[in-house]
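Q: Each chain, written out:
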Amino acid sequence: MKLRDLAARLGCTVRGDDGVDVLRVAGIDRAGAGDLTFLSSPRYASHLGETHATAVIVPPDVETTLPSLLAKNPYLCYARAAQILHPPRRPAPGVHPTAQVDATARLGEGVHVGAFAVIGARVRLGARSIVHSHVVVYEDVEIGDDCVLHSGVHVREASRLGHRVVVQNGAVIGGDGFGFARSDDGEYEKIPQIGIVVIEDDVEIGALTAVDRSSLHETRIGRGTKLDNLVQIGHSVTVGANTVMAAQAGVAGSTKIGSGVMLGGQVGIAGHIEIGDRVIVTAQSGIPNSVEPGTMVSGYPAVENRAWLKANAVFPRLPELARRLRALERRIEELLNKG
Amino acid sequence: MKLRDLAARLGCTVRGDDGVDVLRVAGIDRAGAGDLTFLSSPRYASHLGETHATAVIVPPDVETTLPSLLAKNPYLCYARAAQILHPPRRPAPGVHPTAQVDATARLGEGVHVGAFAVIGARVRLGARSIVHSHVVVYEDVEIGDDCVLHSGVHVREASRLGHRVVVQNGAVIGGDGFGFARSDDGEYEKIPQIGIVVIEDDVEIGALTAVDRSSLHETRIGRGTKLDNLVQIGHSVTVGANTVMAAQAGVAGSTKIGSGVMLGGQVGIAGHIEIGDRVIVTAQSGIPNSVEPGTMVSGYPAVENRAWLKANAVFPRLPELARRLRALERRIEELLNKG
Amino acid sequence: MKLRDLAARLGCTVRGDDGVDVLRVAGIDRAGAGDLTFLSSPRYASHLGETHATAVIVPPDVETTLPSLLAKNPYLCYARAAQILHPPRRPAPGVHPTAQVDATARLGEGVHVGAFAVIGARVRLGARSIVHSHVVVYEDVEIGDDCVLHSGVHVREASRLGHRVVVQNGAVIGGDGFGFARSDDGEYEKIPQIGIVVIEDDVEIGALTAVDRSSLHETRIGRGTKLDNLVQIGHSVTVGANTVMAAQAGVAGSTKIGSGVMLGGQVGIAGHIEIGDRVIVTAQSGIPNSVEPGTMVSGYPAVENRAWLKANAVFPRLPELARRLRALERRIEELLNKG
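Chains as they are written, first to last, in our numbering: chain V, 5 to 343; chain L, 5 to 343; chain A, 5 to 343.
Only chain V is shown next, with the shape it has when bound in the complex (with noise of 0.2 Å):
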């Protein structure tokens, strides 16, 4: 593809050689002729000398001699022109002879239904929506438009997807909540988990996640969300939108999470609180109790980052300071005892 046809279906400005073929992207130490490759920061501007890539997307004030694509946000663009240059591969529309689907189930024009996949009764499946083989949707799910899942996912009776959601391998969605009463000897009695999960648009969830029914309502996850693998998200938590959570993060049972959130990997929420929109919790984090919009907590338990950052900073010395604390009150004994 010229860049000049991939400037103008990115909606961007070319500066130098506008003629030039590329058609792969690349890392900037790795790029040969035809990659396309990107300047994340301005600090890595000096990589630009040495590059083998034939183009690179820049921010408008840096200087190179490469024919580039004008980008304030170049890592965007590289991602827009990346799905331009590595469209994904579709399977052919149609159901593969050995999928099992309900009678009931209505699937939308141009659906893929791999192989041993499994559509329970009442299914809709959106129009042109990927259902890998060895992909079960159990009764009455609604799946949107466009989606894929991938091979291995389960979705749990009743569950509801957006437009445009994508599911990593081996993912389970509306697999029954951790509920249980407890009786005076100790033992648990199941509590039915009868609500739903709801997925909204444009969200995608990573390989070996889990997202629980809800016990009652719904658990939700909103419109953009993208969760890596291995997130365990507890019964009828909601998500907002855009929020991003690591792998291995856990969020337990009726915690609310706001938008534009980041959870580091293998952080950890409890159950009935409440994350603030735009908080960033950084990796391994414990968050025992509710979260102010706006800030960024470390810790375990958590705490403000700076302070945690400060205290760990000190936490090493601490032999060190408990001996000159032992060195001081024998000092000071010493001058009452002379004085």
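Rather than coming from a laboratory, the hints here were simulated on the basis of the structure. Just so it is clear, the structure is predicted and the values come from calculations on it, not from any experiment. Do not take every clue at face value.
No copy is singled out in the list; a pair is fine if it fits within one copy or between any two copies.
Derived lysine to any residue pairs resembling SDA-like cross-links, with alpha carbons at most 20 Å apart [what the hints assert, rightly or not]:
1. 76 - 14
2. 194 - 91
3. 76 - 188
4. 342 - 332
5. 194 - 14
6. 342 - 316
Put chains L and A on the given structure of chain V with help from the hints.
A: Then chains L and A, alone, in the frame of chain V:
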């Protein structure tokens, strides 16, 4: 269902109009006509005035004008009421024509085996058990009566499951334990994992949870124990009765967990140790050593819960403490120089 | 098998009666007639008097009247003996009639492909490899000789597995990495993950572990490395040879892990850093920065292991230290006021 009929099945007393119809359960804030709700704690008694529920489960000493079921443990009563009002959907008995059931397998009366399920040689499946589609049961497995295995569950060779065991989607029972011997040149030699997994009666296992087979003898999950999602149980671990583990908890190999234990989310337990009965481990704690029965521990590495809470309260003040210590040292230095 | 025959196959020396029959391996406390056991450490030598084992593997310098195999590394010798006495059950060669094997796939000699397995276009499967039922292999995947893929494994497009790779149930190899570019209005644009996963020879991957495909180039797991269950490997991570990661560990994107590294359970490693060869990270530690080869680190954020142990010993005494500091301040105040 008339409230009096539900009360009769639950064995509890009605106060007020026992002829009202209850159709389903609901949370106290969302309940409407036909809904049965419950009061989990007397401190929420003020909500009783506002709810639109038709009836409520309350402790005997709580006053309300609503038709009420009286129960010392309202949450437990609610669990049982919900089980009656919301019986689980049962797939019809029978073996799906696509299922692969080995000729030597023995299936009990009334079982359901779903599409594409694989039942290996010499497997025994108890009466009325439900094996959903896409479940794989390796050879020589024994499964008791009234079990439910959701789609995507994998049960490895020779595992033994008791009665009324529920396994959520994607869980793996009996995968190889992580056992390797290190040679002098740093390479690892696999140790065949020749033991089995035993799951006792009334256990529930969450989605995408892994219970490894033993290296030699058995890994055992005791009666009535409940494991949440994404939990890891290492080889040769034994867990007592009525223990609960929240999501993403992990127990390393050969550890012995008692009965009535509670592990919070993301808790990690080291291998080859012993966790006594009724121990409570709060979320994200890491347990390197054995823990005495009846204690509550927290932290990483975990200490007694109160000591941890108090130390954490001081932790963010570490930089201030270090400054104050330095200031004291200077003052004493000055004092001594003066003196 | 006669003890002398086993010794011959293992290349080690017998002490005592080499004509006894050993049928299986067992732990020293449970061993009975026909069992071969081993002494993992000289400090357990007292158990030798009580065991009912028929034979034992011991270091040459340990005295016992039992027929013995002498080995400098008894655990390693035990691993190899167990492999001989307990050869894995091999499903018969052949492709199950229900398996869907693409016409362009090439299967090596003696492979087993189980029920409902899906083998995509242009896949190459090496000689004697075992693909259990319900495995899905996307297009363009290469799998070497003598591999074992357990049921429920999903291998995404263009992944490459070496020889003798073992993958436990439910693992996902090559799922999309977690790559999104954030726009100015806070929405996320997906970055196509166009790289692959490479798994070298003799790797074992645990149940429900996720190894993400690279965004651009490759994610690589080095020769002989062993990953436990529920582990997360982010996109473009590279792991060296003979590294072990315990369950629920996670490595964020683009990080480079050396050879001979050991990560404890639930360890978290940040992205874009480097963990040197032979580094040991104890369980639950969180690693924000690169770690020098040969070091042992602990904590969150991790520091050198001994410093962490010492600081932790002081941690629960923080409230006491704060009180003592305050008391000192008061005494000095009094002293100065007096003076």
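Q: Hint by hint, where does the structure go against what was stated? Just the numbers, ascending.
A: Violated hint: only 6; rest satisfied.
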